[in-house]
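A.B. asks: Chains P and B, in that order, are what the protein sequence lines are.
In this text, residue positions in the first sequence follow the UniProt record's numbering: the first is 1, and each later residue adds one.
In this text, residue positions in the second sequence follow the UniProt record's numbering: the first is 1, and each later residue adds one.
Be aware that one or more of the hints could be misleading.
One copy or any two copies: either way a pair holds, since identical chains are not told apart in the list.
Calculated cross-link-like contacts (lysine-lysine; reagent style DSSO-like; alpha-carbon spacing at most 27 Å) [claimed, not checked]:
| # | residue 1 | residue 2 |
| --- | --- | --- |
| 1 | K166 | K333 |
| 2 | K166 | K32 |
| 3 | K333 | K9 |
| 4 | K110 | K97 |
| 5 | K110 | K333 |
| 6 | K212 | K9 |
| 7 | K148 | K333 |
| 8 | K69 | K352 |
| 9 | K212 | K12 |
| 10 | K65 | K43 |
| 11 | K282 | K242 |
| 12 | K100 | K242 |
| 13 | K291 | K61 |
| 14 | K97 | K43 |
| 15 | K233 | K333 |
| 16 | K352 | K110 |
| 17 | K61 | K12 |
| 18 | K148 | K100 |
| 19 | K12 | K333 |
| 20 | K12 | K32 |
Don't read these hints as lab results, they were simulated from the structure.
This one's a predicted model, so the numbers in the text were calculated from it and none came from an experiment.
Protein chains: 2
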Amino acid sequence: MTDIQLLGKQAKESSHQLALLSTQEKNQVLLKMADALNTHTDKILQANALDLSQADANGIKETMKDRLKLTPERINDMADGIRQVASLPDPIGEVEKMWKNADGLTIGVKRVPLGVIGIIYESRPNVTTDAASLCFKTGNAVILRGGKEAFHSNQVLVEILQAVLKESQISPFAIQFVDDPSREVANQMMRLNEYLDVLIPRGGAGLIQSVKNNATVPVIETGTGNNHVYVDKDAQLDMAAKIVMNAKVQRPSVCNAIETILIHRDVAPAFLPAIEQQLVAKNVELRADQKALNYLTTASLANEEDWYTEYLDYILAVKVVDSLEEAIAHINKYNTKHSEAIVTDNYFAAQKFLNEVDAAAVYVNASTRFTDGFVFGFGAEIGISTQKLHARGPMGLPELTSVKYIVYGEGQVRN
Amino acid sequence: MTDIQLLGKQAKESSHQLALLSTQEKNQVLLKMADALNTHTDKILQANALDLSQADANGIKETMKDRLKLTPERINDMADGIRQVASLPDPIGEVEKMWKNADGLTIGVKRVPLGVIGIIYESRPNVTTDAASLCFKTGNAVILRGGKEAFHSNQVLVEILQAVLKESQISPFAIQFVDDPSREVANQMMRLNEYLDVLIPRGGAGLIQSVKNNATVPVIETGTGNNHVYVDKDAQLDMAAKIVMNAKVQRPSVCNAIETILIHRDVAPAFLPAIEQQLVAKNVELRADQKALNYLTTASLANEEDWYTEYLDYILAVKVVDSLEEAIAHINKYNTKHSEAIVTDNYFAAQKFLNEVDAAAVYVNASTRFTDGFVFGFGAEIGISTQKLHARGPMGLPELTSVKYIVYGEGQVRN
Chain P
1 MTDIQLLGKQ
11 AKESSHQLAL
21 LSTQEKNQVL
31 LKMADALNTH
41 TDKILQANAL
51 DLSQADANGI
61 KETMKDRLKL
71 TPERINDMAD
81 GIRQVASLPD
91 PIGEVEKMWK
101 NADGLTIGVK
111 RVPLGVIGII
121 YESRPNVTTD
131 AASLCFKTGN
141 AVILRGGKEA
151 FHSNQVLVEI
161 LQAVLKESQI
171 SPFAIQFVDD
181 PSREVANQMM
191 RLNEYLDVLI
201 PRGGAGLIQS
211 VKNNATVPVI
221 ETGTGNNHVY
231 VDKDAQLDMA
241 AKIVMNAKVQ
251 RPSVCNAIET
261 ILIHRDVAPA
271 FLPAIEQQLV
281 AKNVELRADQ
291 KALNYLTTAS
301 LANEEDWYTE
311 YLDYILAVKV
321 VDSLEEAIAH
331 INKYNTKHSE
341 AIVTDNYFAA
351 QKFLNEVDAA
361 AVYVNASTRF
371 TDGFVFGFGA
381 EIGISTQKLH
391 ARGPMGLPEL
401 TSVKYIVYGE
411 GQVRN
Chain B
1 MTDIQLLGKQ
11 AKESSHQLAL
21 LSTQEKNQVL
31 LKMADALNTH
41 TDKILQANAL
51 DLSQADANGI
61 KETMKDRLKL
71 TPERINDMAD
81 GIRQVASLPD
91 PIGEVEKMWK
101 NADGLTIGVK
111 RVPLGVIGII
121 YESRPNVTTD
131 AASLCFKTGN
141 AVILRGGKEA
151 FHSNQVLVEI
161 LQAVLKESQI
171 SPFAIQFVDD
181 PSREVANQMM
191 RLNEYLDVLI
201 PRGGAGLIQS
211 VKNNATVPVI
221 ETGTGNNHVY
231 VDKDAQLDMA
241 AKIVMNAKVQ
251 RPSVCNAIET
261 ILIHRDVAPA
271 FLPAIEQQLV
281 AKNVELRADQ
291 KALNYLTTAS
301 LANEEDWYTE
311 YLDYILAVKV
321 VDSLEEAIAH
331 INKYNTKHSE
341 AIVTDNYFAA
351 QKFLNEVDAA
361 AVYVNASTRF
371 TDGFVFGFGA
381 EIGISTQKLH
391 ARGPMGLPEL
401 TSVKYIVYGE
411 GQVRN
């Protein structure tokens, strides 16, 4: 079994070196890492083939296999992703403000790395290079614990990155891989308080729940999105339909897709039959409350469980509400604080929704699918935080940092 | 036993109302709370007398009793503390930046409350009114779990604050008191993930350690300070002595006092006998490493345990180091990431210390005793974070908030 304590200790030690690297040094290493992925494409494909054959043997379903599968193009995309990280501004070392206090001390707030970041993630191997490059750029050591499906792919990717670190006289413990995908080792990681400054789980609701229940290290919860579009009585119904269709069917398996639509009763008779036609044409199954059923022909009756469920599939819950207030109350009760949208022409309804809905991103007249670090303009994304502490919403490089107060004195003591 | 789930549920419900209060409404309530403390001084003193008589019965030591004891002046100071919180700028509602992304969406980052804050604290009753007013000002509901020593004082203080809330048509669940000071209920609070957005422990190393080991809710660790002053070979020795004396003896029981001094070997012969004389005059016991013992007459031999210990007492560990690098390595190994200082005239030594020492506040030529929200100029302090996530160092009002992305669209969907 992996000695996770040892990995933690090695990571912490390497973090002191990492924190002192210049932006130029880090960028040069990142560019070498990108080149190394290209150079070792065959080796990566061989490891990936091993994972794919095991997936076949285990009868993993096609959509999962597609997420797992690497090709020369996908490997090149991963390399380009690292090059993109190299091109981003480095937040480390920035002194955000500096002031003189009443005692004459000059106090500055300097941005520093978090230290050691743990990441527990599932299937897709590109998370390995994404997370490693983002953590490296921000001067953090990282411990990567990927899913067992992509075990061989992840392992060889980390080996390639570590070889570049060694060549560059940087501790290879800056990027470590947990070579034991058992749940037991993951659980140990969740309690590695001595060494982990933060643990970021990236994956499905089961993983997030497990981390929530077990972790005593600081955690940034990511990902689960039980999101809603509310179609207000003052909505333009064609705009509402376009937004609902985009948010539900453009990519149903992602966390910023929607799972429930709420319709004001005044527009339900006009809106629901029309949207049903479009949704059914895309093979979306509807689960509706009693009132909505009156306007739908293909829907089954939704139960309490449905309002809580992140389907990540071609299923949509539908509810008719009597008011904006009821819509907001429903959302705040059942949502996972990810992304929520209202469609309305009414100024006050828009403002009320923005103010009162509790979520990382709240939209007026736009699809929830925009919640994404790249789309928001951050140039990178390590995940989407659904908690309120430290980071909320899409997390870019600054969210992988902390601060340190630096204080310049001239012999001052406190009275 | 307190139904902590119920308290959590009530707090969460009240948080929706709190988030929407205007700054003016909040300030008016705070001023009424301050007045209510003055009005009910006698009632508070009666409750406090009960706590003090139990302290006598339990043989609590005098320093603890002094922290527990309230007087009309101290109650007035608590009221003035609340008035001071009312006078501070309100971070809630501030939109820090707003931009247009490539899709034409207008995206803003708006400051919002965290939601529900739990605070577990020890003896001093003034923490009750401090924490309650800071949380209220930032639109957060708070669940207060004070120590059993101050149980009656805390209970009556919360009753007085709740009465003001009710008069003001605000949910009294905005400020709740856990009326069961058992460890069992504290442990339940540490796992109240459904309702607590953050838990802040304020107290000794034992409490912090217990929270660290048990909490699955997001935590901000506070308080423990195993701090050092390093006297460099290029230090002005009189300045170093002044800083060491201030940082050790001005108030040894606080978290920003020091526990160890590190002396460069070149200045040890001159510095150590002189500082020993001053420290001994203040009844400070010295525990020194083998090299330092050569220059000291009253010291005993320090063991490994001493380097880890936050004495919070008239005890100081002393170590001679061969270099600045050895000093930094010692600090990064044994410190609790709170406050660290170097005394030096050397520019490069100062810069290296600032860059490489891992702590919330790093000082050049000043006492560690300055690490304090009021001294830094924040106007308030809910504690001093010794972790890197969310907040580091002294925490004022902004550290009790989160953000929400507000997105204004015109019908955009994602391609």
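A.B. asks: Are the CA atoms of K148 and K333 at most 27 Å apart within a copy, between copies, both, or neither?
C.D. replies: neither (35 Å within a copy, 35 Å between copies)
A.B. asks: Within, between, both or neither: how does the pair K148, K100 come out at a Cα-Cα threshold of 27 Å?
C.D. replies: This pair counts as neither: shortest intra-copy Cα distance 53 Å, inter-copy 41 Å.
A.B. asks: If the cutoff is 27 Å on CA atoms, where do K110 and K333 land: within, between, both or neither? Let me know, please.
C.D. replies: between (39 Å within a copy, 21 Å between copies)
A.B. asks: With 27 Å as the alpha-carbon cut-off, assign the pair K291 and K61 to within, between, both or neither.
C.D. replies: neither (36 Å within a copy, 67 Å between copies)
A.B. asks: As a check of your reading, is K65 near K43 (CA-CA no more than 27 Å) within one copy, between copies, both or neither?
C.D. replies: within (19 Å within a copy, 69 Å between copies)
A.B. asks: Could you place K12 and K333 in one of the four classes (within, between, both, neither) given a Cα distance threshold of 27 Å?
C.D. replies: For K12 and K333, the Cα distance is within 27 Å only across copies (10 Å; inside one copy 40 Å).
A.B. asks: Tell me, please, which holds for K69 and K352 at an alpha-carbon limit of 27 Å: within, between, both or neither?
C.D. replies: For K69 and K352, neither the intra-copy (45 Å) nor the inter-copy (47 Å) Cα distance is at most 27 Å.
A.B. asks: Between copies, within a copy, both or neither: which fits K61 and K12 at Cα up to 27 Å?
C.D. replies: Neither way: K61 and K12 sit 39 Å apart in one copy and 40 Å across, limit 27 Å.
A.B. asks: Up to 27 Å between alpha-carbons, please classify K212 paired with K9: within, between, both or neither.
C.D. replies: For K212 and K9, the Cα distance is within 27 Å both inside one copy (24 Å) and across copies (18 Å).
A.B. asks: How would you label the pair K166, K333 (within, between, both, or neither) given a Cα cut-off of 27 Å?
C.D. replies: between (51 Å within a copy, 25 Å between copies)
A.B. asks: Within a copy, between copies, both or neither: where do K166 and K32 come within 27 Å Cα-Cα?
C.D. replies: Close inside one copy (12 Å), not across copies (64 Å); limit 27 Å.
A.B. asks: Is it within a copy, between copies, both, or neither that the alpha carbon of K97 lies no farther than 27 Å from that of K43?
C.D. replies: neither (47 Å within a copy, 45 Å between copies)
The structure shown violates the earlier hints numbered 7, 8, 13, 14, 17, 18.
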